[in-house]
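Given the structure of chain A, go ahead and fit chain B onto it with the hints provided.
Number of protein chains: 2
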Amino acid sequence: MTAQEKLINKNNEDKFICVGLDSDINKIPAHLKTSEYPILDFNKSIIDKTSNYAAAYKLNFAFYEKDGADGFDTLKSTIEHIPEDILIIADAKRGDIGNTSLMYANAVYDYLKCDSITIHPYMGTDSVLPFLERKDKINFILALTSNPGAFDFEKQKLQNGTFLFQQIINKVKEWNTYNNCGIVFGATKLDELKDNIDLFGDLFVLLPGVGAQGGSLPDVVKTFKMADRTKYLVNSSRGIIYKDQTKNFADSAQKEILNMNEEMKKILDQ
Amino acid sequence: MTAQEKLINKNNEDKFICVGLDSDINKIPAHLKTSEYPILDFNKSIIDKTSNYAAAYKLNFAFYEKDGADGFDTLKSTIEHIPEDILIIADAKRGDIGNTSLMYANAVYDYLKCDSITIHPYMGTDSVLPFLERKDKINFILALTSNPGAFDFEKQKLQNGTFLFQQIINKVKEWNTYNNCGIVFGATKLDELKDNIDLFGDLFVLLPGVGAQGGSLPDVVKTFKMADRTKYLVNSSRGIIYKDQTKNFADSAQKEILNMNEEMKKILDQ
Numbered sequence: 001m002t003a004q005e006k007l008i009n010k011n012n013e014d015k016f017i018c019v020g021l022d023s024d025i026n027k028i029p030a031h032l033k034t035s036e037y038p039i040l041d042f043n044k045s046i047i048d049k050t051s052n053y054a055a056a057y058k059l060n061f062a063f064y065e066k067d068g069a070d071g072f073d074t075l076k077s078t079i080e081h082i083p084e085d086i087l088i089i090a091d092a093k094r095g096d097i098g099n100t101s102l103m104y105a106n107a108v109y110d111y112l113k114c115d116s117i118t119i120h121p122y123m124g125t126d127s128v129l130p131f132l133e134r135k136d137k138i139n140f141i142l143a144l145t146s147n148p149g150a151f152d153f154e155k156q157k158l159q160n161g162t163f164l165f166q167q168i169i170n171k172v173k174e175w176n177t178y179n180n181c182g183i184v185f186g187a188t189k190l191d192e193l194k195d196n197i198d199l200f201g202d203l204f205v206l207l208p209g210v211g212a213q214g215g216s217l218p219d220v221v222k223t224f225k226m227a228d229r230t231k232y233l234v235n236s237s238r239g240i241i242y243k244d245q246t247k248n249f250a251d252s253a254q255k256e257i258l259n260m261n262e263e264m265k266k267i268l269d270q
Numbered sequence: 001m002t003a004q005e006k007l008i009n010k011n012n013e014d015k016f017i018c019v020g021l022d023s024d025i026n027k028i029p030a031h032l033k034t035s036e037y038p039i040l041d042f043n044k045s046i047i048d049k050t051s052n053y054a055a056a057y058k059l060n061f062a063f064y065e066k067d068g069a070d071g072f073d074t075l076k077s078t079i080e081h082i083p084e085d086i087l088i089i090a091d092a093k094r095g096d097i098g099n100t101s102l103m104y105a106n107a108v109y110d111y112l113k114c115d116s117i118t119i120h121p122y123m124g125t126d127s128v129l130p131f132l133e134r135k136d137k138i139n140f141i142l143a144l145t146s147n148p149g150a151f152d153f154e155k156q157k158l159q160n161g162t163f164l165f166q167q168i169i170n171k172v173k174e175w176n177t178y179n180n181c182g183i184v185f186g187a188t189k190l191d192e193l194k195d196n197i198d199l200f201g202d203l204f205v206l207l208p209g210v211g212a213q214g215g216s217l218p219d220v221v222k223t224f225k226m227a228d229r230t231k232y233l234v235n236s237s238r239g240i241i242y243k244d245q246t247k248n249f250a251d252s253a254q255k256e257i258l259n260m261n262e263e264m265k266k267i268l269d270q
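Same order as they appear, the protein sequences are chains A and B. The numbering of the first sequence is the numbering used here, which starts it at 1 and goes up by one. The numbering of the second sequence is the numbering used here, which starts it at 1 and goes up by one.
These are computed hints drawn from the structure, not numbers from a lab. It should be emphasised that the depicted structure is a prediction, and the values quoted were computed from it without experimental measurement. No incorrect hints appear here.
Where chains are identical, the list cannot tell them apart; a pair therefore holds if satisfied intra-copy or between any two copies.
Below, simulated DSBU-like cross-link-like pairs (lysine-lysine); rule was C-alpha separation at most 35 angstroms, straight line:
{"hint": "1", "residue 1": "K135", "residue 2": "K33"}
{"hint": "2", "residue 1": "K155", "residue 2": "K66"}
{"hint": "3", "residue 1": "K135", "residue 2": "K27"}
{"hint": "4", "residue 1": "K27", "residue 2": "K171"}
Extracted from the complex, chain A is given alone in its bound form (with noise of 0.2 angstroms):
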């Protein structure tokens, strides 16, 4: 199954949320701690109790990589659990020149079988390209992030009037000749995505910044409704997660990403 068939596929379903997997051994729960495999044993338990409700997955690399190559194994342990119909996503933000980024390529898409990467635009449409051949793959490109340092650059006014992170978008556009692509749009703030929705075009749109960051479900949700559009994914991450940090902690994710999925569909019926 290609990578637009899987997410669209759970889109119909009314599955929208995006189940990250920053998964630290300090915040995982404590008696898993003294597993061979600690942060493997938490993954597997978490998307036991969460693969029938979730949209796709979300792997942050730099809590696997800080391990080295035991965490490269733990990467690869969990990605082979995840259910094959469900979009698994490398959020490893990577971009380098060509040769570079095939490299990173075929880390993520041959060696460890990921269905999708997010990737960083700033060096430009050569350094995206080895990632835009990959027809069935879906490449998620930072246009504007949920962080404060969005401000810094992101956010800066280019001479023709368009923000930086609007440029990007438009540029993304160009790179979708397979329909592969999508962009990273922060929903912390409402105003933001309503102001630019109709900038997505046909792209896929990954939303971090639910929750925790301060955007809120219901908010998003009526947004891309109201736009007459799916074709996205709710990122949460710690809120499921670390919801619970009992011997309970896949039941409470069960439950959280439950809840999420109840709050969305009320609206989606109206």
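The following block gives chain B in isolation, referenced to the frame of chain A:
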């Protein structure tokens, strides 16, 4: 020894060449391919023959990540083989929200014990902060890269009349409280270097793009000399490590870096 001391010491010995270990199984000499650890053997031979003449080594992470956990082990073993007085740059081009950048800093500085990293500036101040807190490291932030895609965003003019890459250089100078910041500045076009060298202030500078990508080594050296400036590294990857694909590859690499050093010394001694 701090990263700053390592770089400055080598510059003081008229050493400015950073050897890029973009080591690729498809490009190393045939006789190494039957070894158990071909890339590691290749890297060790290159290091053994060039470490007396190099100012730094730069490891292009993509070339290792494509082999997963094994690649990470090669990365670690290569780093352990580099003499202690030589700067090791993790060319990883990372950058994410604060808690995630912190994990990347842990991976590169604590797990792998590198001295330096390359960073994507796009997400702004808080995405760079966890790196800036490492006072004894050098954080090279992408300003102007050496690839054609630099035109897409890096060379966009902002409403204040500066190019985006210049805005970034100014911001990096603000970030440089601990004298642990540098910039990546592509040396493909001499005019660009001349036009901007005064803007660099006291930042360390890593210059890709010399050799195969079109930049001229004597031109770079002259420009820095005219500006009465050191604290820079000229990167050469393919031009050194793949100079020769026979059993003599390491001797040829040594000869190449010696030639480059001699070429530079002629200008420095003028």
